[in-house]
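There are 4 protein chains.
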Amino acid sequence: MKLAMIGLGRMGGNMAERLLQHGHQVVVFDPSDEARQRLAKMGGEPAESLAQAIEKLSAPRIVWVMVPAGKITEDTIQTLIQTLNPGDIIIDGGNSNFHDSVRRGKEAQERGVHFIDAGTSGGVWGLTEGYCLMVGGPDQAVHTAEPIFTDLAPENGYLHVGPVGSGHFVKMVHNGIEYGLLQAYGEGFEILKASDFPIDLPKVAELWNHGSVVRSWLLELLAGAYRENPTLEHVRGYVDDSGEGRWTVFEAINENVPAPVITLSLFSRFASRQEESYSAKVIAALRNQFGGHKIHNE
Amino acid sequence: MKLAMIGLGRMGGNMAERLLQHGHQVVVFDPSDEARQRLAKMGGEPAESLAQAIEKLSAPRIVWVMVPAGKITEDTIQTLIQTLNPGDIIIDGGNSNFHDSVRRGKEAQERGVHFIDAGTSGGVWGLTEGYCLMVGGPDQAVHTAEPIFTDLAPENGYLHVGPVGSGHFVKMVHNGIEYGLLQAYGEGFEILKASDFPIDLPKVAELWNHGSVVRSWLLELLAGAYRENPTLEHVRGYVDDSGEGRWTVFEAINENVPAPVITLSLFSRFASRQEESYSAKVIAALRNQFGGHKIHNE
Amino acid sequence: MKLAMIGLGRMGGNMAERLLQHGHQVVVFDPSDEARQRLAKMGGEPAESLAQAIEKLSAPRIVWVMVPAGKITEDTIQTLIQTLNPGDIIIDGGNSNFHDSVRRGKEAQERGVHFIDAGTSGGVWGLTEGYCLMVGGPDQAVHTAEPIFTDLAPENGYLHVGPVGSGHFVKMVHNGIEYGLLQAYGEGFEILKASDFPIDLPKVAELWNHGSVVRSWLLELLAGAYRENPTLEHVRGYVDDSGEGRWTVFEAINENVPAPVITLSLFSRFASRQEESYSAKVIAALRNQFGGHKIHNE
Amino acid sequence: MKLAMIGLGRMGGNMAERLLQHGHQVVVFDPSDEARQRLAKMGGEPAESLAQAIEKLSAPRIVWVMVPAGKITEDTIQTLIQTLNPGDIIIDGGNSNFHDSVRRGKEAQERGVHFIDAGTSGGVWGLTEGYCLMVGGPDQAVHTAEPIFTDLAPENGYLHVGPVGSGHFVKMVHNGIEYGLLQAYGEGFEILKASDFPIDLPKVAELWNHGSVVRSWLLELLAGAYRENPTLEHVRGYVDDSGEGRWTVFEAINENVPAPVITLSLFSRFASRQEESYSAKVIAALRNQFGGHKIHNE
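Protein chains in written order, with our numbering: chain A, -14 to 283; chain B, -14 to 283; chain C, -14 to 283; chain D, -14 to 283.
Don't take every hint at face value.
Since copy identity is lost for identical chains, a pair holds within one copy or between any two.
Stated by the list, open to error - Quick list of in silico lysine-lysine cross-link-like pairs, DSSO-like style, CA-CA up to 30 Å:
{"hint": "1", "residue 1": "Lys26", "residue 2": "Lys279"}
{"hint": "2", "residue 1": "Lys188", "residue 2": "Lys(-13)"}
{"hint": "3", "residue 1": "Lys56", "residue 2": "Lys41"}
{"hint": "4", "residue 1": "Lys26", "residue 2": "Lys178"}
For the record, the hints were derived by calculation from the structure and aren't laboratory data. Please read all numbers here as calculations on a predicted model, not as lab measurements.
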């Protein structure tokens, strides 16, 4: 079918490419001329602006928004809500907070526009392996866009999980779990590394992918990372986060659900980014006060 | 090659079966007559006692010990150390603490007997899929027994990780990671369940195995568990532990390694087994003292 | 000086009483006739309504709002903002979220009314020992109301901590710390209780208040609780929360500050309120799948 | 009464001084001549060796051991067990693990020597304020030495908590709690510091000691630390530990007691001492693999 892909970065570009490979007609827009040209060479129909991209579609228009989370997503979706016609479909495949998706769904609905939130997992591997899609939105619109979802996803890798917002909600929890998985592996390899036994970490990472209980796609990737860089040389122990982890903790707390592992995984990322812990300074000062314990000077 | 399998429970029985399937000669011993007979029917050579099992072997004798952790493992291995001849090989494939394995290795070595600790992962699926084997021990003995390891394991699923003790050490950390992975999934599904969105948990478990970042063997098993029992009916939220998790925490602490996720996973198991938290009683009593906050009576 | 106290519950009633004891004129209002009468007998000037309470004051009117957090606080403050005159002062001494206080401060300011947020600690002991007051608001209004603050507080127990919102912010963090302190004591006494040593918990609670590093006001209260009820009989291990703990975690996350202890204290409260952990159900089901580990049936 | 104080460091020296102030006869020994001379000037009877210190006592001899934890404590106590006569009393006031104290108690008992473990809290303030003493040991010996305990402690600051080992056990848990309290304050002040509100941390530390729920001796010390050094200038956020925290976690795990706050406080100390988290390196490498997330280079 025909759709527009707005945003041709690492995710949107690959998704457009995958859709083209599956025979869809994809109008492509990105502020970067280079990105547009890249997709045009693959068969995409480049647009010079969001408005032009819309013009190139016919009713019901389907516009997939794949731009960075934050103001640009908000602006793009608001523009689409104002510009599209009743019956048209907006799909937000980005890392939006599900509360925003619920709100945007209502705002779109007031103008008769359908809004779908498509939580997307798979990262840079999605182009070849397919993207796991967690889709929230009204039944009919989801049904209309389904050929897109099934071609973006691997077999059984697409699910209409519920009403608007539920797609990004499920994706958020997915990422929360991911934080915990990553931290579990991280701790394990740190314990192995600190051991007196001379453990070969790359070999263990590879080994565990064959028959062990902890085998997983992430562990395959870790084995791959170790193959490329056995000592993780020049890799700084500094871990960013793109928001879903903290949102997961917020929701856990709102639901009164204890989520120690997901939360501690988030806090470990915070700690990795601190030059020094002020809390530790306070404790060092206090231990000196009550026990005369030595302060390590800066 | 020829070896004796001591202990024919869930793990030892399946391992003997897998070795027989791969053409090895396996002397089998277990206090249970039924277990011995089951393996005899598959081609195992039953022994009536540990002593008889040893007699049926010829030098260098290889004895695989697969009995429950604790006193029975200690007794079996001590008997073997005293009974076997120099050059014979004991392999402990059970859930022993690596400190015990290091000690047993020394005790065996004093009598010229080789001791190998083979950390084994794979659970009930190992029979068909192979066991991931993390093997510690002296080079020559490990080399001698290698045909056993390679046939028990799937391809690339066996590694000689280091000296005596290192096999059980790596297996211990493996299980520590497993605790963290399980808890990460557990928390995620609890957050999904507590949501106002009507999420179909079995479908999400299945979905995430197709293209998502969190796909793993454990998640495939969870999808399977949900297929069998979508509401987890009659499954009590009570989680046992068999020791490796706590040992992992002990070692992390001994190594000065922060391991919040593995530790909190262990504590969550403890909490699942408590009727009531005494700590919570103390806090409830205290909140009443300072703030007049209501005590919920028993 | 003269002021109105709106809300004569456990906190407001005691605060009105303490102000009367210090010679202030206090107009008292509460929907409960009994509460009004109780304060009237102590010298308070009862009002039949919020409107009447305001009428009984003269410019600049000072109205202290001490009603339960939530809708009733919002409604009361909005009414006051609409009713009071420029130059009048609203003081919110309740458990409001500081973000609400910042907003209410702006709304009040637009009508020329001064808004002060007074974080209040001390609980049921404040009447006799004084309330620790963390006050946020514009300098001049805080200065005007200062005689009230200094008489409600014990010596040095009042501080103007910053602009509007900062009072409730500091109070929120105070409560977050309190969660951690409570949980630290709770865990310690649970470890003592589970020991094979026959430790007399009430005696240890009392002992530690004399010369030990962990002595504190909370520990004095715990010793008191144990004196009244040495076995904590009938005290259910069920711990409520009134919001400040979760807000503290939210702010820690917003600030990228790791706060494991405060957060785990909150999660322990959540767990104390769960009949059963769904996460534990998931893990129990999974362990059965991979290892054949026994499920405990419900 | 008469006793020997072995070890005249920060703790032992002050304790000898306090006992001399209370009229006891104290034989003092320390390898440092200067330390011996200091106590001699206060009225202590200096000994040139452990053997000479014992000679200066008469039956039943009471020897208080206050030397650093580890080999020197072990050696000193073993020498005393071999040297003293039946009926004599050894008191270990140091930071020994309670398992060692239980063992030493048995070893002493075999020679008829009494062994008492006296957990000691109070730090550098004990000289003037008294030491909180948690004493384990046989009734009669504890009774004999009681005048020492009551004079070292403030009023009600001494308790015979149970049999040998229980003194150090209770002290261990005390320190575990202390870890949690310190971390709770540390986190709170870090959250205050990271806020956009311009909070004056030293003033808040002082404020909270007056009427707030979180007031405590530690908070008084923190206020003192801030008075001396309002910005904690030159105080590195690096926190040592002397063992009791990790022992508390070990015992919690042995008892199946969840102790998240005490454990996370310990892990925060570990993290404060790491240049970089290897776990974070692993996660950074992994995030790059699956999502193309940028690695921060070293």
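>> So, against the hints stated earlier in the document, which numbers end up violated here?
In response: 4
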